[in-house]
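Residue numbers (my numbering), protein chains in the order written: chain A, 46 to 128; chain B, 45 to 161.
Take the hints with a grain of salt, since some may be wrong.
Below are the EDC-like pairs computed for lysine to aspartate or glutamate, each with C-alpha atoms no more than 16 Å apart in a straight line [stated by the list, open to error]:
#, chain 1, residue 1, chain 2, residue 2
1, B, Lys138, A, Glu125
2, B, Lys138, B, Glu54
3, B, Lys111, A, Asp104
4, B, Lys138, A, Asp71
Beta-carbon label-pair distances, calculated as ranges [claimed, not checked]:
#, chain 1, residue 1, chain 2, residue 2, range
5, A, Met57, B, Lys147, 48 to 56 Å
6, A, Trp127, B, Ile73, 42 to 50 Å
7, A, Phe123, B, His50, 20 to 28 Å
Some, not all, of what chain A presents toward chain B, calculated at C-beta under 7 Å [unchecked claim]:
#, residue
8, Met57
9, Ile65
10, Val67
11, Leu79
12, Glu80
13, Met84
14, Glu86
15, Phe102
16, Leu105
17, Ala110
18, Leu112
19, Leu118
Because the hints were derived from the structure by calculation, they are not lab data.
Glycine is no exception: its CB is placed at the ideal position from the N, C-alpha and C atoms.
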Amino acid sequence: MNVWLIAAAVLMFGLIPCGIVVFTRDAINRLVGLEMAGMIETLILIFLAQGFQNPNFYDLALAMALLSFGGGLVFARFLERWL
Amino acid sequence: MSGAAHIAIEVLLSIGVIVALICCLGLAIMPDFYERLHYMATVSTITTVCVLVAVVIQEGWGQATLKTIVIVLVLFFMNATLTHATARADRVRKLGHWTADPKENIPVVKSGSGGTK
């Protein structure tokens, strides 16, 4: 187990406060928690790709970053117009 | 890779992870919506740059570094856009419009007392 995998394991604890915000606050605050969780998950995927020494895994992190960006924008517009 | 490079990678990753954890904690602790929004910026700048430098030190200029640069750029611009879109959504939800109204009475909000709880 190298330093990258340890960093990924430690960073996963950052998802707990994001989960608390998502599960306990109102809709617009849940969106903030979701966006933060998307960034943390992207960083965890980078750490895992580097820890397992497989550059192909970086595509997962890139896909996660792009999808969380699009998802956040869609949710923000949805909350703005319809909820 | 030399011992100094190993130490540099460990220090950079420690800084990045600790900053990210503090920001996640701040996200849950802060009482105000707009205060909460600010904690995303630190993760998308300090943590991502630390991770990028650590990858460059370990891998040199290669496929992993190029993909990490793309991811860091996406996160950097994503945060600015999402922060604006989310704050805008909150304003429209509360006031019903986004554009400034000259007749609108904007209250002076003291720190920690405004925004969506």
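(message) Name the hints, by number, that the structure is in violation of.
(response) 2, 6, 7, 8, 10, 11, 14, 15, 16, 18
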